[in-house]
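Asker: Order-wise, the sequence lines are chains A and B.
Read left to right, the first sequence gives residues 7 to 199 (our numbering).
Read left to right, the second sequence gives residues 9 to 220 (our numbering).
Straight line, CA to CA, 30 angstroms or less: simulated DSS-like cross-link-like pairs of lysine-lysine: (1) A:K81 to A:K48; (2) B:K98 to A:K180; (3) A:K94 to B:K120.
Simulated from the structure, these hints should not be mistaken for laboratory data.
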Amino acid sequence: MRIIISLIVFNVLYANTLENKNIVKVSRGNNHVVIQKGQQIKINNDKRKLFFQGYNPVSNTITVKDISYKVFYTKRKKLEYNLNEIDKIQLRVDDTFKQAILLWYPNVFVHVMPQALVAGIIIGIAGGINMVITGEKDIDPSKGALSFIFSPMMIYIMGNGFINSWPTAKKYGKGQWLPIPLQGSNAWEIEHE
Amino acid sequence: MNNQKTLLISLLVTALAIGLVETDVIQFNTQGIHAQIDKTKSASIKFFGTPTQTSFNNLVLKNNIDGEVIVVQPDALIMIDNQDIKFQFKAYNPNENTIIVKKGTNLQLEYKLSEIDILKLYTVEKSNHTTRLITIAPQNIFGGIAGGLIGWNVGIGAEFNFEETMGSCMLGMLAGPLVLKGLKSAQNYAQVQSSDSWKEIHLDQWSVWSKE
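Only chain A is shown next, with the shape it has when bound in the complex:
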């Protein structure tokens, strides 16, 4: 129970770091848009939904995080793009917070279940070997040598589920995307303060 509570606290703290820190301001005429850390963007015509991380005015680059769910693991990759390479940014403007609240909990199971299945098989095999070696009649993963495999595995799987559930829940759905061209006659400009 303590592990779960600490994981929830960690998850909330982590989710908080995804938002409201590094920003980039873009403008065109009377229009001003602020892209904040943690907001979803698409770059050029790429369909990947990326999480904006920050803007470096010195190197004129933006950093994004690609978090995508795969059945047995969640891919997390940090990418850097030079703004000169970007024709347009698409900014997600629909309310993803409400859907994330709704989907966060079932999404934890979506992340945890496949890994738990694999972990179950590993524990089963390890337990079988343990039974042969020690001569015990039952498999108890919380005791003896098995607990050294079971506990870290369980913490990893649960932690992975809790950490990745929130951002992947926010990615759900088609979304509404505001195109912000950075090249051409209708280009928006980066505001430098």
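Based on these hints, arrange chain B on the given structure of chain A.
Answerer: Same frame as chain A, now just chain B:
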């Protein structure tokens, strides 16, 4: 043991009641109240959005071919060109010939009318399609079974106790179909909004109507 019997009887009664309602043995009044439409009134002026005390912020468009007039009032849902964003119309600025639109709480944008080709306006004609919260459909049965099994497992995982296990099972059975139904309703809502309930206005055939 009495509690178990009461719970089982309650479950059976509830299941029977749901069965009777869903098979239409017991029917509720499904007819709603509809406002009467004055068909004699001319349909050449259409209003979108919420009427306000002043018409200062309204965008009034007149069709150059058939003379149809459209009044776009604040809070009307609009889409611009090929963007899939549903904006709320806020105001028309006649000095700069721009419209001000809003999305969510902190995104406000100004668009020049001369740069817009197509304006889509959401019509308030609501479809007669209504979604009941709980209906028996394959996805509900699947959700119920899945939820029930999860709930049952949670109950057994702690310590076998009939009431707690059944309670968890019931909660799971309710939660499963409700979540699935919610997702389905959201999908239906999105389909209704994005299909034929948007009036497309090609601005090259319309002009902004001044009151003079």
